[in-house]
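Q: Since the structure of chain F is already known, use the hints to place chain E on it.
Residue numbers (this note's numbering), protein chains in the order written: chain F, 1 to 80; chain E, 1 to 482.
FYI, nobody ran anything at the bench for these hints, they're computed from the structure. Errors might be hidden in some of the hints.
As the list claims (entries may be wrong) - Computed cross-link-like contacts, DSS-like style, restricted to lysine-lysine with a CA-CA straight-line distance of at most 30 Å:
1) F:K9 <-> E:K402
2) F:K60 <-> E:K302
3) E:K302 <-> F:K15
4) F:K15 <-> E:K314
5) E:K310 <-> F:K78
6) F:K9 <-> E:K310
7) E:K314 <-> E:K302
8) F:K78 <-> E:K302
Claimed, not checked - Sample of chain E residues lacking proximity to chain F, with all beta carbon distances greater than 12 Å (derived):
9) L19
10) K70
11) L87
12) L97
13) C103
14) A116
15) Q186
16) S215
17) L230
18) I311
19) W335
20) F386
Just so it is clear, CB atoms sit at the ideal spot from N, CA and C, and this is done for glycine as well.
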Amino acid sequence: MNRDEIYAKLTEIFKENLDLDEIELTDTTTADDVEGWDSLAHIGLIAAIEQEFGFRFAMKEVVNLHNVGEMVDLILQKIQ
Amino acid sequence: MVFSSVLFLTMFLPIVLGLYFLAQEKMRNAVLLTASLIFYAWGEPKAVIVMVALIVLSYVVGLGIEKFPKYSKCILTFGILSNLSALIYYKYWMFLLENINLCYSPPPISVIPKIALPIGISFYVFQILSYLIDLYRGQVAAQRNLASLATYVSLFPQLVAGPIVRYETIEKDIQNRSVRYEQVYQGLRRFVIGLAKKVLIADQMAFVADTVFNSPVKEIPTLFAWVGALAYTLQIYYDFSGYSDMAIGLGRVFNFKFLENFNYPYISKSISEYWRRWHISMGSWFRDYLFLPLSRALSLSKTYAALSRKIGRKRTNIFLTAVALLVTWFIIGFWHGAGWSFIVYGLYNGFFIFVEILTGWNKESKSPFVNLICHLYTILVFIIGFVIFRSDTLDYAWQYIKTMFGDSNAPLNSFYKATEFLTYSNAMIFIIGCILSTPLLARWYSKYEGTKIDAVVMLVLFIVAYVFAITSTFSPFIYFRF
Chain F
1 MNRDEIYAKL TEIFKENLDL DEIELTDTTT ADDVEGWDSL AHIGLIAAIE QEFGFRFAMK
61 EVVNLHNVGE MVDLILQKIQ
Chain E
1 MVFSSVLFLT MFLPIVLGLY FLAQEKMRNA VLLTASLIFY AWGEPKAVIV MVALIVLSYV
61 VGLGIEKFPK YSKCILTFGI LSNLSALIYY KYWMFLLENI NLCYSPPPIS VIPKIALPIG
121 ISFYVFQILS YLIDLYRGQV AAQRNLASLA TYVSLFPQLV AGPIVRYETI EKDIQNRSVR
181 YEQVYQGLRR FVIGLAKKVL IADQMAFVAD TVFNSPVKEI PTLFAWVGAL AYTLQIYYDF
241 SGYSDMAIGL GRVFNFKFLE NFNYPYISKS ISEYWRRWHI SMGSWFRDYL FLPLSRALSL
301 SKTYAALSRK IGRKRTNIFL TAVALLVTWF IIGFWHGAGW SFIVYGLYNG FFIFVEILTG
361 WNKESKSPFV NLICHLYTIL VFIIGFVIFR SDTLDYAWQY IKTMFGDSNA PLNSFYKATE
421 FLTYSNAMIF IIGCILSTPL LARWYSKYEG TKIDAVVMLV LFIVAYVFAI TSTFSPFIYF
481 RF
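So that you can see chain E by itself, here it is in the shape it has in the complex:
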């Protein structure tokens, strides 16, 4: 079920809210859990079994880690491996088999099974892992109530596309939370903002981006290659941050305080900064559960000790960083999807981050000129990154990037006439999208928050967004694929 669908907006959400607020306090988790399972089962009932199985298993593993401190490392390893095997099987097995077949002639595997990806598995498996690892590290206590743990993992606001909420964030709230009408209002307000971002900006930009990216690359003139890349850049931000707004808002309605997932990524002055502002819950997950433990393990290795005696600790640390970044960004890319273009997308970002660490790029500069250059560099890098991300094949991405830099003979007029996607309204939305990706307008508007004017603005925004949602063609969120 999609947040911007009529079914969700007019049936599911009102019914769940009604039952939730009518229910006694101790029954509220039961309402949320039931609603979440129905929400999840709506599209593919079979996928629920996988999720419930992983929850039950992880519940037992969690109790085991706490009960047997002596064996906690073994039990944790078992818990991590079983969750990851499910993820690998459902998400990567087909890809791995296909690639094994490509390496040998004749292909050794005659029949590659068709495995359907359970929606949201990349997100909820990561939530479960954060629970188990934090438990092992002594940062949270084991959850003794299976239903509470299941509510945390399956909570419908963030189930299918994040943010990746850590158990630590909701540990207290999952046991004990009141209904606060101030929070309900603020949550719904946030939901409306997210809905508007999705249907008024992302879906409109999607039309432009799809038109360009679905064309054969030889027919795209340089100018329109840029239009397509820029439109996609806006689409993915408003799509994904809009979804996060809706998730965070819905969480707030039930008085959960999820952490922010986006912080104006497009104003960044380096790729490192960009990844601290974009999909924050994922970036910090990989930092805390992969990059740092991996760096730590490397720094304890014999090679590290030997190398630092030979060439000094500082240079050795550069090697260590390079290796840890390479592995981490390879996996971040792969996490986004089983395909080579995602892997290249990950490594591409890791490369720039490594260069930035090496050159000390991240140090603040006071010169406005230097800042402008840094800003332009960052924008260019993430736009090209999105082209790789959007392209179905690496070959297409490469051809497309070449087109952007002038390698195109396609006539401007014929492409434009054939598509006719540049309308005044799209141009307006494009400009609004650019302005709203900076904090300027939000800063100015913040003085109206909580006033009657704001309430009217939000109501109008909701009605307009709702009309767009019911009349526009159905469009799922980009991150549902992962």
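Next comes chain F alone, as it looks inside the complex:
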């Protein structure tokens, strides 16, 4: 899976979990840029991502993510 495919899947997950019709995710997108992406929604997103890609994040990793780019890097690293 490459970055673009991960982005496509992430966009779907974000839309469904945050109840959004449209969302544009980029490497520099942070929680502040997306409506409804608070810390609680973050936990829900992480759970959905884990289910979609079939791996587990550590709590350490969950709290140290700063933007979507880092999230994609981490997913790439985990599924390889």
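A: Relative to chain F, chain E alone:
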């Protein structure tokens, strides 16, 4: 020692400032640490031993987490448990034993030991925990210098009543910081504002609130029940935010940049927003170290997986949120004190936050009418919350709330004559207190900051506050009890 006491203002603070600025740069932490230990030992020398023991233990635990990554989880767990056991023993043991005795007849425990609460333990234990957990999560490096760690935990500006400063915030400053006179001035200015809030508003409102809340509930007429609740609402804000201003200001004098603890909570339009503006350092602590890890653990459980297959992920998330909020707010309530009214206070707030999440209350509205309704709802909820918080027993709280909503036969005149607490000056302070709890005046005044006018205003404010501080009856800060 209390910030608004003569001893602190005329002896302790000037001496510490003098020594601090005269000392060589590498000796400055030593000055701060010594001053902090004296500050803490002043009231109860024995309590220092508990604090120092926890600091030394946590210092070793911190080094262990970094040195043995393989066992870091075990070492962290040990560190958390030992700090929490100290907190539970000193703060909750008596309460737990008393409640066990209430459950059985005859009571199984014949002698309940009297345990004195070491002041500030709830705050410094939380600071230590933030250090250990952040270290485990790889967000900070272990502190190798015991004195530096001890300085961080015991720093007298925030030792007894917060803000709960995270190690991350001061990690760089604790090693390396210069003296900057601009910061010293700004810090002292902030201290004066806090002192004025405390002695000119909070202490005056305390007189009104105490008069009402110390009366038997049957004698309080509905109108005065509201006066008491409103006065307490102002008192607790100016007391606690004033203390935070003084702490943040003193930190700044020594060139530490603590994060803000209050952000005009009374202008909130939801209880969720209110808790992002009130006692921010505590709210964010519980969010990051309890609510989120707990939600995370729940989302990894088998029940969660099974339930989300059955009823869908979204509905399952609502359950998860409810459980995580229930636990978190129970503990937030309990953190405030070993008593049922604090627990109810916590759950009461958690309930409204859950309803707000469920109904999507938090989404911004453009209609001024909707905003007004949201604002009124929020004010009503936190005022009633403060009644629960202020009441010694749940029964008193319940009777008091009923009185507020009309269940009272007490004659207005006799209560007023018996107490005579409504003076023009209190009414004025009440109005000023309401206005200053919004950012309106501060926004207007901000253009004078840094001018000569501002310096004169601050000097006058300090003199007036100082005169009030030395002449008024001694009054400790509300949050010292926790």
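Q: Run every hint past the structure and note whether it holds.
A: Right, here's what the structure says about each hint:
Simply put, K9 of chain F and K402 of chain E have alpha-carbon atoms about 54 Å apart, too far for the 30 Å limit, and the pair is violated. In summary, the hint linking K60 of chain F to K302 of chain E is supported, as the alpha carbons are separated by about 21 Å, within the 30 Å threshold. A C-alpha spacing of about 25 Å is found between K302 of chain E and K15 of chain F, which places the hinted pair at or below 30 Å, so the restraint holds. Distance check on the hinted pair: K15 of chain F and K314 of chain E sit about 13 Å apart at the alpha-carbon level, within 30 Å; holds.
Annotation: proposed proximity of K310 of chain E to K78 of chain F holds, straight-line Cα distance about 28 Å (limit 30 Å). This hinted pair checks out: K9 of chain F and K310 of chain E have alpha carbons roughly 23 Å apart, not beyond 30 Å. Proposed proximity of K314 of chain E and K302 of chain E is supported: the alpha carbons are some 16 Å apart, at most 30 Å. Proposed proximity of K78 of chain F and K302 of chain E is supported: the alpha carbons are some 22 Å apart, at most 30 Å.
Every CB of chain F lies more than 12 Å from the CB of L19 of chain E, the least distance being 39 Å, so the non-interface label holds. No Cβ of chain F approaches the Cβ of K70 of chain E within 12 Å, the least distance being about 14 Å, so the stated non-interface status holds. At roughly 22 Å from the closest C-beta of chain F, the C-beta of L87 of chain E stays outside 12 Å, upholding its exclusion from the interface. Distance check on L97 of chain E: its Cβ is at least 35 Å (rounded) from any Cβ of chain F, clearing the 12 Å threshold; non-interface status holds.
With a cut of 12 Å on Cβ distances, C103 of chain E stays outside the contact zone with chain F, its closest approach being about 35 Å. At the 12 Å boundary, the C-beta of A116 of chain E stays outside the reach of chain F, the nearest C-beta of that chain being 36 Å off. With 12 Å as the threshold on Cβ separation, the claim that Q186 of chain E sits away from chain F holds: the shortest Cβ distance comes to roughly 28 Å. In this structure S215 of chain E is separated from chain F by more than 12 Å, as the shortest Cβ-Cβ distance comes to about 42 Å.
Distance check for L230 of chain E against chain F: the nearest CB is about 32 Å away, which clears 12 Å, and the non-interface claim stands. For I311 of chain E, the non-interface assignment is confirmed: its Cβ lies about 15 Å from the closest Cβ of chain F, beyond the 12 Å cut-off. Separation of W335 of chain E from chain F is adequate, the least Cβ-Cβ distance of about 19 Å exceeding the 12 Å criterion. Its beta-carbon lying about 26 Å from the closest one in chain F, F386 of chain E satisfies the requirement of being farther than 12 Å from that chain.
Violated hint for the displayed structure: number 1, the only one.
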